[in-house]
Amino acid sequence: MKEHPQRSGRPTNSTTPAHGDLVARHLHELQRIPMLSRAEEEELGTALMRDEPTACRRLVEANLRFVVHVAREYTGMGLPLEDLIAEGHVGLIEAAERYDPERGVRFISFAVWWVRRAIRQALTWHGRLVRLPENRVRELARVRSASEALAQRLGRGPRPDEVAHETGLADDVVATLLETDAPLVPEQQARGIAAQGWEPILENDTLPERIGRMLPPVQAEVLALHYGLRGEDPMSLRETGQVLGFSGERARQLRNEALATLRHHMTNDDRP
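Residue numbers (the numbering used here): 1 to 272.
Errors might be hidden in some of the hints.
Simulated DEER-style distance windows between Cβ atoms [as the list claims (entries may be wrong)]:
#: 1; residue 1: Arg32; residue 2: Asp100; range: 23 to 33 angstroms
#: 2; residue 1: Phe246; residue 2: Gln152; range: 12 to 22 angstroms
#: 3; residue 1: His264; residue 2: His165; range: 17 to 27 angstroms
#: 4; residue 1: Thr124; residue 2: His69; range: 15 to 25 angstroms
#: 5; residue 1: Gly248; residue 2: Arg213; range: 18 to 28 angstroms
#: 6; residue 1: Glu97; residue 2: Gln242; range: 23 to 33 angstroms
#: 7; residue 1: Glu61; residue 2: Asp171; range: 40 to 50 angstroms
#: 8; residue 1: Thr261; residue 2: Ile33; range: 17 to 27 angstroms
#: 9; residue 1: Asp171; residue 2: Glu94; range: 41 to 51 angstroms
#: 10; residue 1: Thr54; residue 2: Met77; range: 26 to 36 angstroms
#: 11; residue 1: Met35; residue 2: Asn135; range: 42 to 52 angstroms
#: 12; residue 1: Ala260; residue 2: Arg238; range: 15 to 25 angstroms
Since the hints were made in silico from the structure, they are not lab data. These figures come from a predicted structure and were not determined experimentally. Yeah, the Cβ is synthetic: ideal placement off N, Cα and C, and Gly gets one too.
Let the sequences and hints guide you as you build the complete structure.
Okay, structure coming up:
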């Protein structure tokens, strides 16, 4: 779990002129980095799968200007633009490490969800810190650190009582802090998934990878975008089609085919 540095002072809703100039210079420098063709993306994606060290750096550098564009959408929400850009960079790196060119999706279409997720997580974390007393912020940092250490030691997620014993904090304090630190699940995502009747396969946060093993790449991508399976807001079928380069009706057909395949897997898994 990534630790966010504690920031002091009141939330900043906009950049100062000096910060604005710095961001402008940064963006100007990024414009000099040539964009990648689809063939170059696929080549770098293949190199990433071979763990070639320079592939991730090249893929990230060529798309840094996109992070600035996305980060600007979140100004005025509690973090200065330069912090939003830094968080977006983290999401872009994660996207590069996960990118699979064989899915037939351009890297930027794949990366946008990881960039937005990283920025939104930072905004959520910052908002929680603003609302917590200073002593609770320190205790939350201890709980997170202890939880990560226990998870590595035990090979599983620790129970609240184990975290309490590790930190020396009271059980009820740990329970409250763990609830504060819990990830948020979009209500719309939960409703959409339940309405389709395939919640039995939603067991953990590896769902996109599990679906990717069951479905053709395009169908898996349609479900990921339409239902927000990577932690982002669900998209309409029309929006899903626009991202992937076909009509909303085609997106609907692919969604229905994918759900039928998943239900078939569920039925077979239930057989003795």
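Checklist entry - Hints broken by the structure, by number, lowest first? => result 2, 3, 8, 9
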